[in-house]
Structures are given as C-alpha cells and as structure tokens.
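Protein sequence lines correspond, in order, to chains A and B. Under the working numbering, the first residue of the first sequence carries the number 1, and numbering increases by one thereafter. Under the working numbering, the first residue of the second sequence carries the number 1, and numbering increases by one thereafter.
Worth flagging that the hints you see were computed from the coordinates, not collected in a lab. Treat the hints with care, as some may be off.
[What the hints assert, rightly or not] Simulated pairs of lysine to aspartate or glutamate, EDC-like, Cα-Cα distance not exceeding 16 angstroms: (1) Lys-293/A with Glu-265/A; (2) Lys-440/B with Glu-265/A; (3) Lys-363/B with Asp-41/A; (4) Lys-340/B with Asp-390/A.
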Amino acid sequence: MPEYKKPNSKEEFEKNFSQIKPLMKETQAYYESSRCLFCYDAPCVSACPTGIDIPLFIRQINTGNVTGAAKTIYDSNYLGNACGKVCPTEVLCEGACVYNLQEVKPIEIGRLQNFATSNSIRNNIRYFEPGLPINKKVAVIGAGPAGISCACELRRSGIEVDIFEAKDKPSGLALYGVAPYKITNEEALEEVNYLQEQLGFNIIYNTYISSKEDFRKLEENYDAVFLGIGLGKTNPVNIKGENLKNCYGAVEFISELRMNHHLTETGDTVIVLGGGNTAMDAASESAKLGAGKVILAYRRGRNEMGAYDFEFELAKNAGVEGLFNVSPVEITGIDKVTGVKFIRTQTNNGKLEMLKGTEFIIGCDMVIKATGQLKQSEVMTNIPGLETDDKGRIKVNEKTYQTANPKYFSAGDVISGGQEVVNAVAEAKAAAAGIVWFLS
Amino acid sequence: MPDLKINFAGIKAPNPFWLASAPPTNSGYQIMKAFDLGWGGAVWKTLGVPVINVSSRYGSVNYRDSRMIGFNNIELITDRPLKDNLREIEEVKKYFPDHAVIASLMVESKSEWHQIVKDVENAGVDGIELNFGCPHGMCERGMGSAVGQEPEVLKMIVSWVKEVAKTPVIVKLTPNITDITEPGIAARQGGGDAVSLINTIQSIVGIDIDNFVPYPVVDGKSTNGGYCGPAVKPIALNMVKNCSLESGIGIPISGIGGIENWRDAVEFILLGASSVQVCTAVMHYGFGIIREIIPGFESYMKEKNFNTVNDMVGKAIPNVKNWENLNLNYKIIAEINKDKCIGCQLCYIACEDGAHQAIGLSKNGSRVPYIIDENCVGCNLCSLVCPVENCISMIRTDNGKFTETWKERTDSGNIPVTFDDPLAGGLNHFVPDPLTALKKP
Chain A
1 MPEYKKPNSK EEFEKNFSQI KPLMKETQAY YESSRCLFCY DAPCVSACPT GIDIPLFIRQ
61 INTGNVTGAA KTIYDSNYLG NACGKVCPTE VLCEGACVYN LQEVKPIEIG RLQNFATSNS
121 IRNNIRYFEP GLPINKKVAV IGAGPAGISC ACELRRSGIE VDIFEAKDKP SGLALYGVAP
181 YKITNEEALE EVNYLQEQLG FNIIYNTYIS SKEDFRKLEE NYDAVFLGIG LGKTNPVNIK
241 GENLKNCYGA VEFISELRMN HHLTETGDTV IVLGGGNTAM DAASESAKLG AGKVILAYRR
301 GRNEMGAYDF EFELAKNAGV EGLFNVSPVE ITGIDKVTGV KFIRTQTNNG KLEMLKGTEF
361 IIGCDMVIKA TGQLKQSEVM TNIPGLETDD KGRIKVNEKT YQTANPKYFS AGDVISGGQE
421 VVNAVAEAKA AAAGIVWFLS
Chain B
1 MPDLKINFAG IKAPNPFWLA SAPPTNSGYQ IMKAFDLGWG GAVWKTLGVP VINVSSRYGS
61 VNYRDSRMIG FNNIELITDR PLKDNLREIE EVKKYFPDHA VIASLMVESK SEWHQIVKDV
121 ENAGVDGIEL NFGCPHGMCE RGMGSAVGQE PEVLKMIVSW VKEVAKTPVI VKLTPNITDI
181 TEPGIAARQG GGDAVSLINT IQSIVGIDID NFVPYPVVDG KSTNGGYCGP AVKPIALNMV
241 KNCSLESGIG IPISGIGGIE NWRDAVEFIL LGASSVQVCT AVMHYGFGII REIIPGFESY
301 MKEKNFNTVN DMVGKAIPNV KNWENLNLNY KIIAEINKDK CIGCQLCYIA CEDGAHQAIG
361 LSKNGSRVPY IIDENCVGCN LCSLVCPVEN CISMIRTDNG KFTETWKERT DSGNIPVTFD
421 DPLAGGLNHF VPDPLTALKK P
C-alpha cells in the first residue's frame, strides 16, 4: 500500500516532503530549552564536530536572548542553520545527551539551534564583519559547505575571496544532495546569502574549474587555493543494463528532485540499490513522490547496512520495503528498465558469497543506484603536486589542511571520501586558519 | 477509613482543606462550586467597606517552564456591597450546613467591628477571621498588616471583636514582621480562639526591564504587592513551626502558604496546623485540585495509621530543635550510584565551584564522577543538584554511639573562642592552593 499519493502541485509536494525537523514555535522552544540540565563539560559539545557551546545557547534561548544564542552557534559554525537541519543529530549531539541514559527523550538540540539561527537570518541580525584588508586573495573552488565555511573565516581575516562554483546556486550538498524533508531550498540559500551580505565574499557561478590551464591561472592570480569540490557522480555498478532509460544514480536523482520537486518522475515500482544513508534518502523520496512500491535492495544483511538506524526507520515509515542479501547481476529491459535480476548472497567470515542458481528477477520500471560517489579525479590530476591516498582522497596535513602542493588547501568530502555537512564546515574553518598561517 | 472531619477551635468541617480568603472566595457561586467538589471550608473574601480596585492586579514569578511558582497581588478586600455577601453566605449555609463558612473581616472603628461581627453571625457564619495581614493598599489606610505589625493594636481589636462574637475568632497574622510569635501571643491575649498564617509577604515579583516598571503594571506605575504561591511555603512552614513552639500562643493554627497538594497539607499539619487554607493553587488550577488532595491525604493517613487529623497535628515538632542541640558527631558522606549516573557532572561542578572540592572527574574517559571521601563534609549539595532520583545517597559514617551538641561542648568549654583557635571546625579540611584555580588543563 503506498503511503503517499503522487504530488501534483507545490503544495502537495510540500505536504509529502514536510520537514522532519520543523521550526519550533516560541513556546516549544521555551519548554524544550527549560529541560536542558546545563551539564558540565557537556557531552553534546564533544559530539559536535564544530564544538558549538550547546548548553550555553540553550540557556540563552531560555532567558529570551535568542540573538545571543544564534551568535554562540555562529561563532563555532558558519552554517549553523543548515547543520541544525541536516546534521544526523540522533548520532551526534542529541545522541550524546545524558537524558538518553535515563531513557528520557534527549533535548531537541537541532531544532533549538534552528529556532535561534533562523530568527537571526529572518531578521538579518549580523554578527560578522570582514577583517581589515591584508592584500591577499584566495580562490575557493566549490560553494558547498566547505567552501562557504572557509570563505567566511578567510574574510574575517581580511583576505579577499572569490568562490568558483560549477552550478548556478551555492550550498552544494545542502541544496543538491540532502533529502528535501531535511532542509528546504530556501533555507539553504538564505543562509549563504545572509553570510555573504555580512562578509562579502564573491561567488562566481556556472564556472567549472577543472583544466590544467584553469589552475595555472588561479595560481597566478591568487595567493592560495582552497579545494572544496566534494564528490562526483554516482559510482557505476558495472552490470548489464546500467545505461537503460529510468536507471538513475542516486546523486543525480536527488539533485533533480531538489530542483524540480513534484515534477520529478518516479515509477510504479522503484528498486533502490544500496545500504547507505543516500540509499535510504532515495528510497524515502521515491515513496514520497508517490511510487506504488519501493524496494530497498542491499547485498548484505540489514544490520550490516552503513546507514544510520534512524534513516532506515524513516524509510520504512515512508513505506519502503527492505530486501537483504541480494546482489544485482543485471538490469533487465530493452531500452527502458523492466526489472532487476538479483542473486542471493550470504556472508561467510565477512566475505560476501553469491549463491549459485538463486537468481531471480523483480519487475520494476525504475532503478536508483545508491552505490557511492566517484571521486573528482579528473580535476585532481590537473593540479600539480597534489597527492591522494589509496581511496583517491586528497591528502592534507591534519592541522593546517594544506595539501602536498603548499599553495593548495582542502577540506570536506574530497578529503574524507564523504561525511556530514558539519564535518566539512568544521574542517574548512580549520583549513582557513591554515591558509591564514600560510599567508602570514 | 481515616476520619477527615475536624473541629478547629470549635469550627466543625468535613475536612481540614479550606479555601483562604481571596479571589476564589469572592462569591457564593464560587464557594458553592468548591464545596460541591469537596472542599471542607471557605474563608470568605474579606468583608468591610467595599473598595475600588485597580485593573492589572496580579504578577507572577515563573521558573523555566513552571509558571506561577510565586505569585503576588495588589487587589484589595471585597468590592461588593456587604448585603450581597450576607445574602450569599446565608444561601451557602442553607445548602452546606456542615461545611465551614468563615467570614474574613477588616474594618476600622470599634463600632464598625461590632456591627459587622453581628451581621455575619446573623447570616450564619461558623467563625470569623480577622484580616490583620494584607500588606498592600489596606495597610496604607491603617488596616491589614498595619494592625498585624502592632501587637498592642492587634490585641485591642481582637478584644473588641470578642466582646460581641458568639462564634470562634481566628486572627490572621502577617509575616511582614521580625518575630511572628509576638502578634501570635497578642492574638491569644486579646482572646482570639485561633491564629491563621501566613498572609502574603510584601513583594515585587519582577520588573518590566524595557519600561522600568515593576509588575503588575498599572498605567505605567506599580506598587508592592503580597507574595504567595509555592515559593513562600518554606517561610510559612517556619512561621507555623515558631507559633507551634510558642507556649504563649497555645491556640489552634490554620496553616497557609503555598499549599497545592496533599504533601504540602501534611507538612503544615505535621508542624502543628490543624486546618490548612489554599488560594494560589486554586487560582492556578481551579477547585478541581481537591480531587488530588483528599485521596492522597487519606492514603498517607492510612499508611501511617492516623485515624484522625488530630493524630497527626504537630508530629514533627519534637524533632525541631535549636541548632545548638544538633549532634555535631553525626557524619554523612556522598555516594554516587554508578549504574544510575547519567554523567551530567552537575554534582562535580556544584561541589567544585560551590562547595568543598570533594568530587573528582574520572581520567579514564568515564563521565561518572567520584567522591573524594576525605574532603566531603556531608553538605548534601551534590545530591540536591543530581537530576536522577536516588543516584547520590548520603551515607552515615559515624557509629552513632557518641552524640555531642554545640550546647554540650559550650558547657564543657570545648569550643573555638579565638580567631585562630585550634578547635576551628574547618582546620584540617582540604582547601586547594589558590593559584591552582588559574591552571588550565
């Protein structure tokens, strides 16, 4: 039974994709902030990659100093609003809340954070201004969470910043890669605009920096370059039928969904391949787009999935069915997807084994591959002296985030291989400090 | 089944839970409704020459998400004509002959006192309460707490009332005085049959910090009000205890101040009250709270084998001593239950910054703090800040065989008397070197 009807308008889309962490009303925020114990050396702070002083901002909300609360947040995290919405708080700050040990509901830190930050964004309450110019220029590649965080920190040190963005909008993953029920497009864009108005970094859109020549020019014109280029397209699964019509990569599917909302196509039966958080998102999203049936197919067992438990719960609640210990061997169809041929698997001492003779086909009219993302290797090879590890991630100094080419610094998914927005924000802020150190 | 019926200084009531003289007892309508729900008595909103009230009358102290933990008012006595109130008193008594209806009174001259006492008794009241407590407005006119603060005047007015009163007279005392027993003794000497306390405490509940005016705001201005509600209970309990211990009073006490549930009522009674009066909790939640008070109170009586309310009255009084009679050899230290601890470390920082640096943090990554036994003075602070029920216990460490009080030590000359006396209690307590406070980890 489909839980959701296909949305045919903006309103229906917003209903199906309603925010899982909606903005708190004033009374809710007051009550929720009242519950915070103000722990000493609070575990929520240690669990936050950006180290926000969470008990402090919650206490500030409780005393009616909401703008002070937002300042506490932004002092640690330039994308405080986006992170409040898209962070997996269940495994970070809220997961560390001491109330969990009493089986009392943890403080809703993410939503309290948004209560404070969205108020400041809405009322354009400013906390930052650019530092006195020091006659240095830095090029930032990518206007995603890493790029924006780095740019903000550099501007406060008086460094001029030009951000080069391949797409026509900023925010990267927060806009194109996160499920729409976690953050709206408006929220993602408004925060970047809010920061840009305060700190005055330039963003040059529709400019894909990739060739040797591009980088040579940047090196000529800038004192340092920051790479916040994230990850690339969906990994191919290398099976027959992968290029059939209606077989999508999850990254591309989610990006289309974020841009086109209810106009995004779905199928009667959708099979999602993968067991990570992106697979959960793609499956939930298909269900909320009104697919008749959504099957999440994963090669190993349920408990071996990389996805957080709460993400799988979200997908199940949206009506997604799980199919475990199956590996796709072929996507069937002539020009359009008609099904997926699977083989059953078992895990033996951690090693995946295909069980011969167990092949079967499940009919479907859409396949979404959530099988990880490619590295931006094409771009990376065009930067002289850059070093990568065996997984294709850019190697950096863990304190300064400087790459093997001293003029280049990097942070975010391109060095981690794919983590949370909040990790990119934290690393990029530290990288900016590395750049300031390098330029002084 | 325990018997809740009481006879308070001659006033009979089906139970000891009465409504205090205040807005909930402004009319016959309200009192009928309250009696119908189970309240045992009501002290009518103070009668006298009707007043004119201001608009904007109440202010509140909220603590986090708890509203009205403290409450104040600048409302005066009744603003309704006496004849309307008398008619309604008669009607209430007609429908509820066994319930206690007590008229609170406040007038000025002896003749007025005589007249109004006769009027309310003719209307059928079971008793009279003299309002010598109101600390705002009325006191500016020489009534209310202005009387309660002058024991001689109080005594005189009580004796005027007693000249004509046929029903028991309760004297309501103001807490806005240094020693509550002084007006209490005067009440007894004037012939009063009982005392009730406390009336409200002079207060300012808060300030509008944008417009620089205290609350409640009356056209940009304010005045002090009378404070009540849960926050005043500890002050009221102490004053009830003082009156219970004072042999010069020796008449029944009706306990008032922040009572909102059966436990509060039990506490007042254990300190010597034999009826209790409730106002703020009703103003907050309505008369329906009696549904919680009665069964809770009854099951406590059953559990403790009290057959009548009287069996309970003053049960805690023998255990109230002067400080000098407390056992100095009694020693307790804190113990943290590791399985219950949730690692908030509030006990650590409370002891570290606010007490005796007797709690340490684990260095092995655990968030469960540990007690440094030799530094612990047994102050209770950690167990009070701990958000987990029964996680920090205070464990007795002395053997209980040797008691010694300050008084006994004084009598035997075994107390510190000079500034650097070697008998100083904290002489060997651990105190960190001041400079270590500035060391960052």
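- Looking at the structure, which of the earlier hints fail to hold? 2, 4
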